[in-house]
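K.L.:
Protein sequences appear in the order of chains A and B.
The first sequence begins at 1 in the numbering used here and counts up by one.
The second sequence begins at 1 in the numbering used here and counts up by one.
Since the hints were derived computationally from the structure, they do not count as laboratory data.
Accuracy of the hints is not assured; some may be wrong.
With a Cα cut of at most 30 Å, we get these calculated DSS-like pairs of lysine-lysine [unchecked claim]: (1) Lys128(B) <-> Lys117(B); (2) Lys95(B) <-> Lys211(A); (3) Lys304(A) <-> Lys242(B).
Listing some non-contacts, in silico: residues in chain A with all C-beta distances to chain B over 10 Å [stated by the list, open to error]: (4) Leu8; (5) Ile15; (6) Thr70; (7) Tyr88; (8) Leu126; (9) Leu194; (10) Ser223; (11) Ser273; (12) Tyr277.
Built from N, CA and C at the ideal position, the CB exists for glycine as well.
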Amino acid sequence: MKGSKTSLSQIDTIIGSLLMILALVASSFIVIIATFIAIRGILPFITDNNGLGSVNVLQFLTDTVWLRGTYFISTAYGAGFIIINTLYIAFLTVLMSFPIGVLTALFIAKVAPRPLAAAMRTIIELLASIPSIVFGLVGVGLFLPLIYQLARSLGYSSGAGSSVLATVFVLSLMSIPTITAVAEVSIRQVDESLEHASLALGATPTQTRFKITLLAAKSGIFSGAILAVGRSLGEATAVSLVSGNARSGPSFGLFETTATITSTLLQGLKETSGIDYDIRFSLGILLMVVILTTNFALNFIKRKVGNVHE
Amino acid sequence: MIMNKVIDTQSLSLRYGEFTALTDINLPIFRNKVTALIGPSGCGKSTFLRCLNRMNDLIDNVKLEGTILFNGQAVEGVNADVIELRKKIGMVFQKPNPFPMSIFDNVAYGPRQQGIKNKEVLRGIVEKALRQAALYDEVKDRMNQSATRLSGGQQQRLCIARALAMEPEVLLMDEPTSALDPLATQRIEELIEDLKKEYTIVIVTHSMQQAARISDHTAFFLLGELIEFGLTSDIFANPKDKRTEAYITGRFG
Chain A
1 MKGSKTSLSQ IDTIIGSLLM ILALVASSFI VIIATFIAIR GILPFITDNN GLGSVNVLQF
61 LTDTVWLRGT YFISTAYGAG FIIINTLYIA FLTVLMSFPI GVLTALFIAK VAPRPLAAAM
121 RTIIELLASI PSIVFGLVGV GLFLPLIYQL ARSLGYSSGA GSSVLATVFV LSLMSIPTIT
181 AVAEVSIRQV DESLEHASLA LGATPTQTRF KITLLAAKSG IFSGAILAVG RSLGEATAVS
241 LVSGNARSGP SFGLFETTAT ITSTLLQGLK ETSGIDYDIR FSLGILLMVV ILTTNFALNF
301 IKRKVGNVHE
Chain B
1 MIMNKVIDTQ SLSLRYGEFT ALTDINLPIF RNKVTALIGP SGCGKSTFLR CLNRMNDLID
61 NVKLEGTILF NGQAVEGVNA DVIELRKKIG MVFQKPNPFP MSIFDNVAYG PRQQGIKNKE
121 VLRGIVEKAL RQAALYDEVK DRMNQSATRL SGGQQQRLCI ARALAMEPEV LLMDEPTSAL
181 DPLATQRIEE LIEDLKKEYT IVIVTHSMQQ AARISDHTAF FLLGELIEFG LTSDIFANPK
241 DKRTEAYITG RFG
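So here's chain B without its partners, still in its complex pose (with noise of 0.2 Å):
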């Protein structure tokens, strides 16, 4: 597997207080590839997704040790700019969680918050991030209306396109369509499948049909540790760990 690593972890324990939430992670993330986070509930998948982009700060009382490179560069430490990684390392949430605001207005919000005033230039940035996150088309006629009559489907495509105008490298995903129905899941699948062109995407879900679907990688995760990774064929096909092969096929979780 000769392939450009976009983001690296090297021996990364997470501590909340007492509480160990991840031991020893060794997970590399490739460039343009879809890589699944798996594992039960409480495993580390999401906690791990949330080092990413240092969304683990906001916690009080967390205890970080090893090394995340994000482009070869260390996102911890005194030379690190959260500001920066966050930039660069789009996320996606759980809930959908539109701002109480416009269509537009949400899509702009982060161009906005970097200086960009530009009516035209911001008007070009979210009709590019909409047609990418495949809600234009649906969209282009209210763009004034408040984001959050929008159905929950099209309001987690929308958080999509929010993160994408800021033209992130790696796009984090969150479950993000466990709240969302079959048909809607199903909107969000296709998405993610035309926007590995473009972007690395990490997400983190409940369902192994889904992971093994759309992910080119995948990461077993089980209290706190990383039990397997490889490509997704591999790991659904031939799981080398017992506990691998057990959770997949449905015995735990």
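Isolated chain A, as found in the complex (with noise of 0.2 Å):
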């Protein structure tokens, strides 16, 4: 009997050794990631680039031109109005998303009739797994000829449609599933007590709902908000399509073609060489900056706002 509980406990231990290692090693990808990209992207601005001289990490932070320079050699990278843009596009879409999948999300949980809930639930979640290409694919095909209408007829110019106000809807298309899973989840979990002293005080059933059950569901609701800022801010492929991937800016007017971190990151990597290579990695340490950053500021405000009264 001895021997069999000294095995039985070596075993644990064993697995216990296993465990730690798997973790380790998931763990150490992260700090690999930050690493390596954080070596490539450092390279512009310590080396000469075979003679063109080192990249200015002023300029390159606050410069309004991506590539200033005769044949498009130089090391005049600025991306300041890229960060302006990748920040302001994300804003814009939580603006237009974010109410929109909200009260989608209320109107499930707490409005509609159960097998519609049911049906709109299995909606949402295909919308949700859907890959972000194929929503580029519609806003190439269907959104880009339709805002190059809408600009022509205001007499605005537009890049064949390639514009900010393509990229924060084909943006805010992707963002919606997210945050109406995560609010509807929050909201069905409103103590329905809360929900049902306030209908004995005389409230109406529509001044309950927004007043104390999104009220109840603000933490969870809020998280919602934050994931889909990380996808407006992380999203590549689908925004390359549509932003026009200007190479200056900021580009504040809706149809004026823009360009975030990611697009540019994207644009053209594969066909080009030297600097302009290199820089790219030095997107990359940027928007991991300007994700954490923005993470860190939306988790603080989620602190001070949600917790205020829970």
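Hints given; two lone chains; assemble the complex.
P.N.:
Below is the structure:
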């Protein structure tokens, strides 16, 4: 008996160490990725780039033209406008997709008859699982011509429809299912007793849904918005199909072409070399920094806003 | 018993699908009295209470027969306005359920939904309701603090204040002390004693001692039927029905 006990506890130890090794391998990936991108991305700033000279960090972070110079060969890469574009587009995307997503969630969770709610839930899940390139195709094939016509009828010029608006539409289409799914779950988890208390006070069902249900689900709803922001900041393929890949900016007009960190990173990556290739890794650092900072900021706001009365 | 009936039910029956929850209930609720509804779990006392402000409307497949009169007017039917009804018949729930907002906003919630926006008016309403609920002195310096940080007993008094802010005529209480400790329970019972000067109170309770302590009238429910109704002193001293006697002497429940 004693022998089998010992071997059992040995198995526990072995399995335990095995799990730890696996966990260490998995978490070391983040370190490997960050280190690799950082080392590659820092090269344009510290080497002389085959005689072109090194890229000025301050200019890289603030300038408003991506690659300034004759024959497109220089070290004058400015990503300042790209950072602003990226944040502006993420902001517009949330502005558009957040109300639609949350109200859809409210409808599914509280208003729709059960069979309809079940059907809509399935549709939302399907939408959330569509690959982003397909959203990009819808953007190219459907939104671009429509936006081109719209811009023309309003007297604006647009780069064949490639624009801030097209980018925001495509990203919103991708974000709405995420926001809806997350918000719907947290709305369904709201304590019914709170809603009953509101109704018992003579509030209408509509007042109750907007003033109590959404308030009580606030924290979860905000998490959905954070996920959506993450997706808008990180999406590359669909965005590069509809943004127009502008080389200067920032672009605030809805019909102007634009460029985000991801679309600039992707544009022509495989057809270039030298500094124009290396600088994409610098954009990779920039993207990670922007996403991390935004995530920290939003989570900070979420704690501030979400926990006041919980 | 010639007294002023606020609420009266006539042959009230209620079914959830196939299940009959209430059968032929004729029960008057008298003005400025505390009426206790007692009986074992599942006897229909909470269901009856929720008929009075039509909270059963929220449940699917509920069929109601008979009449409920509030101040002589039917609460169900085409001419009945459920919003008006709930403004006049407030409710306090079993578990304290303050909204996730400040103490002030909790009490001001009901009046605000009726369109009252003036800050001075709201402040007056909130202060009055909190005083009536014997909570004002404890919270007057932290009205903007979260209501969910109050103790359970304070939360329940806040819920009472929230209901009182609507200046209802009747206050329905569904086992309001079942989630509270003895001291908090005692405070709520003292409060009910005070409140009946201005309000009519209907309280569902599992505790016969509580019914005996605080109520003027008692109604004993069993399996969806009203077995006995009368003055609390009579019910507890001389129950007419054997089942009532068996229940209040603790032979089942």
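K.L.:
Hint by hint, say whether it matches the structure.
P.N.:
Tested hints:
1. Lys128(B) <-> Lys117(B): holds, 17 Å
2. Lys95(B) <-> Lys211(A): holds, 21 Å
3. Lys304(A) <-> Lys242(B): violated, 60 Å
4. Leu8: holds, 45 Å
5. Ile15: Holds, since 42 Å exceeds 10 Å.
6. Thr70: holds, 62 Å
7. Tyr88: Nearest chain B Cβ is 33 Å from Tyr88(A), so the label holds.
8. Leu126: At roughly 28 Å from the nearest Cβ of chain B, Leu126(A) sits farther out than 10 Å, so the non-interface label holds.
9. Leu194: violated, 6 Å
10. Ser223: Check passes; 16 Å lies beyond 10 Å.
11. Ser273: holds, 57 Å
12. Tyr277: Since the minimum Cβ distance to chain B is about 52 Å, Tyr277(A) lies beyond 10 Å and the statement holds.
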